Amino acid sequence: MARRQSPRRTLLITIVAWTIGLLMFFPIFWTAVAAFKSESDAYSLPQTVLSTPWTFENFGIVQDRSDYFRYVFNTTVIVVLSTLLGLMFAIPAAWSMAFAPTAQSRSSLSGRQWLAIIFSGLVICFLGLYFTDWKPSNALVGFALLLIFVVPGSLWAWSQNTSGTLLWMLSTKMMPPAGALIPIYLIFNRNGLVFKDWGWINLSDYNLIDSFWGMVPLMTLLNLPIIIWMLFTYFKEIPVGILEAARMDGASLWNELFRVLTPMALPGIASTCLLNIILAWNEAFWSLNLTNKYAAPLSFFISEYSSPEGQFWAKLSAASIMAIAPILVIGWFSQKQLVRGLTFGAVK
Amino acid sequence: MGGLPRWHILSGIMATRQAQVLGRWALAPAVTVLAAWSFVPLALTIYFAFLRYNLQDPDNTGWAGFSNFYYFFKDPYFVKDLINTVLLVAGTIVTTVVGGTLLALLLDQPFWGRGIVRLLMISPFFVLPTVSALVWKNLIMHPVFGLFAGIQRFFGSHEPLDWFGRLPLFSVGIVVSWQWLPYAALILLTALQSLDEEQKDASAMDGAGPLSYFRYIVLPHLARPITVVILIETIFLLNTFAEIKVGGIGGIAGNLTYLVFSQLNDATDVGMAAAGGLVAVVLANVVSAFLVRLVGKNLEA
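One line per chain: the protein sequences are A and B, in this order. Position 296 of the first sequence, counting from 1, maps to 296 under the working numbering, and the rest follow consecutively. If you want the working numbering, it's the 1-based position in the second sequence plus 348.
FYI, nobody ran anything at the bench for these hints, they're computed from the structure. This structure is a prediction, so every number in the text was calculated from the model and none was measured. Mixed in with the good hints there might be a few duds.
[What the hints assert, rightly or not] To give an idea of the chain A side of the interface with chain B (calculated C-beta under 8 Å), a few residues:
1) Ile20
2) Phe99
3) Tyr130
Glycine is no exception: its CB is placed at the ideal position from the N, C-alpha and C atoms.
Please work from the sequences and hints to get the whole structure.
As structure tokens, this is what we get:
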């Protein structure tokens, strides 16, 4: 039984809650109002909420001046492709960890021993480079690191038991972008680490900076741990008994996966897509650092308005509203998924 | 009945084994790309941190030893930005956790239009960071045309406060808190709603007032969600960047992330930037170690 409340108490709570809710929403509302003002009204003092006449000209001007739809197109490409690519990696991984978990580590070495191997490899290479004073090309160093780090690293990660793998995936999300910015910038740059003239092959025509080829995989990697975790928590809730029953009835693994499991998993996959769309849409660090024209998404589009010439507030407001409206609506529909996805299943 | 059950059991085991093998291969791609993503940039950052490597000065190469770290720590911006980082993270977390708890308690009560208020309250979380920085800076905190200036003038002040100019860190703190308050509130609300109704009734029956009810029932129940909120917000807030860059206060009140960016972007010093990046990595790892342990405990339960 819920406790009964006196109507007066309910009224009081209603007033307080609505006041706070409206206050929280107010900056968005204020932006929306400013978007419909003419530029001179936006600058008039005192500021009025309901200026007349209302105008839609700002939206047209924003489109004409900075080609809003191109940025929407860019954002959509990055968001959709990175979500699809992420699902291609995440669905099998989450399925594997939820339905074919390994309780014991597959390797006879412990995680600590693996880490010791990786880091001693690193130290030996460092000492070798230091004492021979040999300065290899950056590309060579990159590929050497790929060998001495990624191979044992993936072997180690792969040899973990399921909960170990999950936690390791979570920990990759903790990597601050400031720590990865420098190598990623240099790898992406056509004159940087990889994409430059190697003497026998010229890669400097290829450039990952400011291109979808760079942004889409990057965005996938950024959100992959969250997608995997979220799918895992959804898959975990599917009763294994149903799968066993299908198996008992003679369903092949293929049928088990696609006739039985997939229909039950679809709602979870859809929610995961929503969360990933929100996260990718609102990503700003890498977008601001790695794009400036051809693959620039909406966060970059708005940042262009930070150093304007002349009167621009009504236009800034119009641009802002156009940039947040789609994701706001998606966000309203996915509150539950947000809680699940952004607490890694620690709060349900 | 002789052979049939055994055949069923056997096929069950076969399928499981088949699933195990398939499972390994299904996991492999994700593990490989994530391993590449987590190991390669980190390794390269470590490598660059010990190099003399400036993009504007291609002739100056070679090993730098620890001099990148030395100069990074000696940079007057480093101490300032480190303090800013800590202040920004701590201030925002205190604001959002306290405010979020209060909001969650409020929204947990029955009242008219609860769903709509929830939508209004959660909205700031979905606003692009660049948008919220510019909107707050220009429409709300602007010293002449901003809303706050208007309010100050209404109360008779002739010289309204220039928020981003005079109190840059505080202003960014407000913007970031505005964005993260909904997150804390939503998660704590979800946790509150899983609180047992019977416990509420029992405590009311035992004559517990609202304060002791909060102190002895609600707060212990919220302890874990609050920890999760603190840890996750720390990880995201350590990386606050867009608000500072677009707000144009990187030079006067930047944080560590901004400092690394400006080392790469303005000074084009890869070595120094890498050293700074490593400092950020160490800082984030201290926090993430706690979070991973916490989530791991939950995984076993």
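Right, here's what the structure says about each hint:
1. Ile20: 7 Å, holds
2. Phe99: At about 7 Å, which falls below the 8 Å cut-off, the nearest Cβ of chain B leaves the hint on A/Phe99 intact, so it holds.
3. Tyr130: Since chain B brings a Cβ to about 6 Å from A/Tyr130, closer than 8 Å, the hint holds.
Violated hints: none; the structure is consistent with every hint.
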